[in-house]
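Residue numbers (my numbering), protein chains in the order written: chain Z, 1 to 332; chain V, 333 to 624.
Among these hints, one or two may not hold up.
[What the hints assert, rightly or not] Per the computed footprint, the stretches of chain V lying under chain Z, defined by three or more beta-carbons under 8 angstroms from a beta-carbon of chain Z, are:
hint, segment
1, 399-411
2, 449-456
3, 532-544
[Claimed, not checked] Examples of chain V residues toward chain Z, derived with CB under 8 angstroms:
hint, residue
4, Pro395
5, Arg419
6, Gln420
7, Gly434
8, Pro612
9, Leu615
[As the list claims (entries may be wrong)] Per label pair, the in silico range of CB-to-CB distance:
hint, chain 1, residue 1, chain 2, residue 2, range
10, Z, Ala306, V, Arg611, 32 to 40 angstroms
11, Z, Leu176, V, Ile606, 33 to 41 angstroms
12, Z, Pro107, V, Arg520, 32 to 40 angstroms
13, V, Gly367, Z, Ser156, 50 to 58 angstroms
14, Z, Glu151, V, Ala336, 53 to 61 angstroms
15, V, Val482, Z, Pro107, 30 to 38 angstroms
16, V, Pro455, Z, Gly169, 58 to 66 angstroms
17, Z, Ala306, V, Leu390, 28 to 36 angstroms
18, Z, Val19, V, Gly367, 44 to 52 angstroms
19, Z, Tyr11, V, Ser453, 55 to 63 angstroms
20, Z, Leu176, V, Gly367, 39 to 47 angstroms
21, Z, Val161, V, Gly391, 55 to 63 angstroms
22, Z, Asn180, V, Arg520, 28 to 36 angstroms
23, Z, Ala277, V, Arg421, 35 to 43 angstroms
None of these hints come from the bench; they were simulated from the model.
Note that CB positions come from ideal geometry on N, CA and C, so glycine has one too.
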Amino acid sequence: MTRLKSGVMSYVAITIAAVLVAAVPLLSADRYILKVLVYVGVNVIVIAGLALLFGHAGQISMGHAAFVGIGAYTSAYCVGQVHLPWLVGVAVGTALAAAGGFVLAMPALRLRGHYLAMATLGFSEIMYVVFREARGITGGSDGLGGIAYPEVAGFSFDTPVAVYLLVWGVALLTVLLVMNILRSRPGRAMRALHATENGALACGIDTAGLKIRTFALSAGLAGLAGALYAHSVGFISPGTFGLDQSVIYVATVVVGGAGSLAGPVLAAVALTLLPYADALIPGLSRETVAVLQNWETDIYGIAMIAVVVLAPAGIGGLLKRLRSGRAGEAHV
Amino acid sequence: MEAAEFIQYVIAGLKSGSIYALVALGFSVVYASTGIINFAQGEFFMLGGVLSVWFYSLGLPLPVAGIAAVVATAGLGIVFERFALRRQRSANPLVLVIITIGGSMVMKSLARHLFGPDELSLPEFTPGPSIDIVGAAVERQALWVWGLTVVAVLALWWLYRKTRLGHAMRACSISHDAARLMGVDTARVVMISFGIAAALGALGGFAVTPLTQTSWDAGAVIGVKGFAAAILGGLGNPLAAVIGGLVLGLLESLSVAFISSAYKDAISLLVLLIVLFVRPQGLFGSKRREKV
Numbered sequence: 001m002t003r004l005k006s007g008v009m010s011y012v013a014i015t016i017a018a019v020l021v022a023a024v025p026l027l028s029a030d031r032y033i034l035k036v037l038v039y040v041g042v043n044v045i046v047i048a049g050l051a052l053l054f055g056h057a058g059q060i061s062m063g064h065a066a067f068v069g070i071g072a073y074t075s076a077y078c079v080g081q082v083h084l085p086w087l088v089g090v091a092v093g094t095a096l097a098a099a100g101g102f103v104l105a106m107p108a109l110r111l112r113g114h115y116l117a118m119a120t121l122g123f124s125e126i127m128y129v130v131f132r133e134a135r136g137i138t139g140g141s142d143g144l145g146g147i148a149y150p151e152v153a154g155f156s157f158d159t160p161v162a163v164y165l166l167v168w169g170v171a172l173l174t175v176l177l178v179m180n181i182l183r184s185r186p187g188r189a190m191r192a193l194h195a196t197e198n199g200a201l202a203c204g205i206d207t208a209g210l211k212i213r214t215f216a217l218s219a220g221l222a223g224l225a226g227a228l229y230a231h232s233v234g235f236i237s238p239g240t241f242g243l244d245q246s247v248i249y250v251a252t253v254v255v256g257g258a259g260s261l262a263g264p265v266l267a268a269v270a271l272t273l274l275p276y277a278d279a280l281i282p283g284l285s286r287e288t289v290a291v292l293q294n295w296e297t298d299i300y301g302i303a304m305i306a307v308v309v310l311a312p313a314g315i316g317g318l319l320k321r322l323r324s325g326r327a328g329e330a331h332v
Numbered sequence: 333m334e335a336a337e338f339i340q341y342v343i344a345g346l347k348s349g350s351i352y353a354l355v356a357l358g359f360s361v362v363y364a365s366t367g368i369i370n371f372a373q374g375e376f377f378m379l380g381g382v383l384s385v386w387f388y389s390l391g392l393p394l395p396v397a398g399i400a401a402v403v404a405t406a407g408l409g410i411v412f413e414r415f416a417l418r419r420q421r422s423a424n425p426l427v428l429v430i431i432t433i434g435g436s437m438v439m440k441s442l443a444r445h446l447f448g449p450d451e452l453s454l455p456e457f458t459p460g461p462s463i464d465i466v467g468a469a470v471e472r473q474a475l476w477v478w479g480l481t482v483v484a485v486l487a488l489w490w491l492y493r494k495t496r497l498g499h500a501m502r503a504c505s506i507s508h509d510a511a512r513l514m515g516v517d518t519a520r521v522v523m524i525s526f527g528i529a530a531a532l533g534a535l536g537g538f539a540v541t542p543l544t545q546t547s548w549d550a551g552a553v554i555g556v557k558g559f560a561a562a563i564l565g566g567l568g569n570p571l572a573a574v575i576g577g578l579v580l581g582l583l584e585s586l587s588v589a590f591i592s593s594a595y596k597d598a599i600s601l602l603v604l605l606i607v608l609f610v611r612p613q614g615l616f617g618s619k620r621r622e623k624v
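Let the sequences and hints guide you as you build the complete structure.
Quick look at the structure:
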């Protein structure tokens, strides 16, 4: 009964989110606001995938920015230099990131905890060097500009509103996908794996296969986000896909709360908006924004430690408490 | 390739290798007494560099500035353990990983706020022309790097083998519970281990700054490479960490000589991945089975 209710509530939440997303362009067509919201949408896709892997299956990845980069550079290359249609480029980028995740996961997921963290971190740094040095494909440290807008069957998403709607459409579908996975058999298997790997194994769960598939899916979603990012922003450079960004992704999931999906998604929205607070709050002075941008990493780092130490369930735990509190009232 | 040129590469490799060794020792000391991988270890290296530059700019003589930087970083390591990590000791290792990652983000960012975004440098400890060793030129500062590394390794050896604290640290690496039953103050041992690890990293940062300069973002890469060195030798074993560091430095330098300088960083990380995947216990480690 409660499960049914929470299921309905999740769909209600997604619908409300979809209405809000659709309402934004009606309220404002400001280029800057829409661009910031595109960043937010891209991060929501990455975080939904990472929340699945890290928050639910309990496997850390300190290299997700590298998968975003693989998707971005691959799609930009396929469309820009090989002249493939946009959809094909995005598909290849997503597939290559997923394949990268698969190949890395096969040996890496035998490792646990901090070893896995270091292995994925090493992978992230290797890919950063590749993005910087493989100039023929990536444009080196100067970056790659002039990436074509998304185009499907002759329709070009060349206005800020169209790009915004495309990115957020994909983001909401991604959240829906992850939600459904969590609700079904693999999701339950992931929770079992997270709680006790040996116990899950004893229950007949193919833990190795599950970990590899989850890692590949999560990496693929990161690649998809990267491909969308490349074509909607039009310019990519290695700095965007470095270790710092991987760490920020992990911080976002931690602040959002491991074991939750709504929490990390909300955290992705909030933390991505933080350095662009002026897009939402019109009266904000330039100095305040500069301070926020300057102290961005400190805020993330401190928030991450504070959540782990003081409120391990993060924003997700807070949401759950609110919900159960309200349910309690209803019973009285 | 001529012999002199080859030796030049070997010397360059041993130079960066001994820095990796110092950072690797830091990982090893903390891992031995806690089982934690400290992701902030690279930041201790960075702090040793930038703090010594800052103390030197205040007018302190160079050796005093270096010692002050090492002591201050050690203090910071102790504070970090005491206030961020200790309360979570019993938690899932992933929680500790996250705390040390958060700590490294904050240390790095604060260093940028306090000391600026630019490259910082120190004068050489003993300025003078390079020394000729069988046709290869060796900077005087490189001798300092090696000398300080040797001193640090010997001091650590003495600590582990000859002092009460060292025995307590070794007891903790075998079993915290057993050590506590024997009257060892394990919390204090863990705290001091962090202090020592921070001091080792800072010493590396101080010694190498005159050669390579340093900046607020120098910690991450050296942290990963130091970890690669520690894992190459086998985590938790100080001597293996030193050998791992030197081997990694040599591999890196020879890969510049024979393959390409552009992919130098990628090669040492590839070594890390291969060792992690093929032989996670390291070259000198023995296989440990995990019990249910």
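How the hints compare with the structure:
For the segment 399-411 of chain V, the stated coverage by chain Z is not satisfied: 0 residues place a CB nearer than 8 angstroms to a CB of that chain, which falls below the threshold of 3. Judged by the Cβ-Cβ criterion of 8 angstroms, the segment 449-456 of chain V is not covered by chain Z as claimed, because only 0 of its residues qualify and three are needed. Residues of the segment 532-544 of chain V with a Cβ under 8 angstroms from some Cβ of chain Z number 0, which does not satisfy the need for three, so the listed coverage is violated. Interface restraint check for proline 395 (chain V): the shortest CB-CB distance to chain Z comes to about 32 angstroms, outside 8 angstroms, so the restraint is violated.
Because the beta carbon of arginine 419 (chain V) sits about 7 angstroms from the nearest beta carbon in chain Z, less than 8 angstroms, this interface hint is met. Satisfaction of the interface hint for glutamine 420 (chain V) is found here, the shortest Cβ-Cβ separation to chain Z being roughly 6 angstroms, below the 8 angstroms cut-off. At about 4 angstroms, the closest approach between the beta carbon of glycine 434 (chain V) and any beta carbon in chain Z falls short of 8 angstroms, and the interface hint on this residue holds. Among the interface hints, the one on proline 612 (chain V) holds; its C-beta lies about 6 angstroms from the nearest C-beta in chain Z, closer than the 8 angstroms criterion.
The criterion of a C-beta within 8 angstroms of any C-beta in chain Z is not met by leucine 615 (chain V), whose closest approach is roughly 16 angstroms, and the hint is violated. Range check, alanine 306 (chain Z) to arginine 611 (chain V): Cβ separation about 38 angstroms, and the 32 to 40 angstroms hint holds. Between leucine 176 (chain Z) and isoleucine 606 (chain V), the C-beta spacing of about 39 angstroms keeps the proposed range 33 to 41 angstroms intact. Our hint of 32 to 40 angstroms for proline 107 (chain Z) and arginine 520 (chain V) holds, since their Cβ atoms are close to 39 angstroms apart.
Glycine 367 (chain V) and serine 156 (chain Z) have their C-beta atoms about 55 angstroms apart, which keeps the hinted 50 to 58 angstroms range intact. The given range of 53 to 61 angstroms is respected by glutamate 151 (chain Z) and alanine 336 (chain V), whose C-beta atoms sit roughly 59 angstroms from each other. The hint said 30 to 38 angstroms for the Cβ distance between valine 482 (chain V) and proline 107 (chain Z), and at roughly 36 angstroms that hint holds. Checked against the given bound of 58 to 66 angstroms, the beta carbons of proline 455 (chain V) and glycine 169 (chain Z), roughly 59 angstroms apart, stay inside it.
Separation of alanine 306 (chain Z) from leucine 390 (chain V) is about 33 angstroms and conforms to the stated range, judged on CB atoms against 28 to 36 angstroms. At roughly 49 angstroms, the beta carbons of valine 19 (chain Z) and glycine 367 (chain V) sit within the given window of 44 to 52 angstroms. For tyrosine 11 (chain Z) and serine 453 (chain V), the hinted distance range of 55 to 63 angstroms is satisfied, since their beta carbons lie about 60 angstroms from each other. Between leucine 176 (chain Z) and glycine 367 (chain V) the beta carbons are some 40 angstroms apart, a value that agrees with the proposed interval 39 to 47 angstroms.
A C-beta distance of roughly 60 angstroms is found between valine 161 (chain Z) and glycine 391 (chain V), which places it inside the suggested range of 55 to 63 angstroms. For asparagine 180 (chain Z) and arginine 520 (chain V), the hinted distance range of 28 to 36 angstroms is not satisfied, since their beta carbons lie about 51 angstroms from each other. Look at alanine 277 (chain Z) against arginine 421 (chain V): about 37 angstroms separates their beta carbons, and that is inside 35 to 43 angstroms.
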